[in-house]
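Just so you know, the sequence shown maps onto residues 558 to 727 in the numbering used here.
Warning: the hint list may mix true and false statements.
Unchecked claim - Subject to a maximum C-alpha distance of 20 angstroms in a straight line, what follows is the list of computed SDA-like cross-link-like pairs (lysine to any residue):
| no. | residue 1 | residue 2 |
| --- | --- | --- |
| 1 | Lys-564 | Lys-698 |
| 2 | Lys-713 | Asp-693 |
| 3 | Lys-590 | Ser-569 |
| 4 | Lys-698 | Tyr-588 |
| 5 | Lys-564 | Glu-638 |
| 6 | Lys-681 | Thr-647 |
Calculated directly from the structure, the hints in this document are not laboratory data.
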Amino acid sequence: MLTHHRKPICLSIISTDLPVWSVVETSGTLYQKDTDRFHLLLTAPPLISCEVGNLSSRENPVPQTKKNVEIPTSPRILWLEISPYRIIMTMQGNTQVSYRHFWEQGVYGISRYWLPNESLQPHKPIRLRNFTNSLDLTGQKLPEHLRLDYELWSEKVQLGRYILNLEIDN
């Protein structure tokens, strides 16, 4: 059973203890793989700028801002594998940061990040663990709302607590 539907979606991630948040509003294609298994494919807007402050001058205490603008040649593709029991999210594209997360309620999952080629160890992922506190998926026949509450860990150091929220307009 493979059916697909083009839907408006809103994907957000926030940290409950760090100043981290991101929101993507776009349309995505929802593929129904089985009765309760879905794939959601969407294109995220590119990350095209980076600002770097410079505090090297004592006479001018206001930081100088330098902009590095690099426009990616390909889009960022987000692919979510959704079921009531586990979520896998993969982001790849445009030679920037790529990642893959595996979440399952009450389980330590794996989060892997691949940095651009100019990193110290190209093509070697940074591996972190995540612990899923709650995974809530609602909707009648198609998913309408997903909320993940998880912690991100590196060894024994917690790197924050996060909420991933996905709304699919049916």
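Violated hints, by number in ascending order, as checked against the structure:
2 and 3
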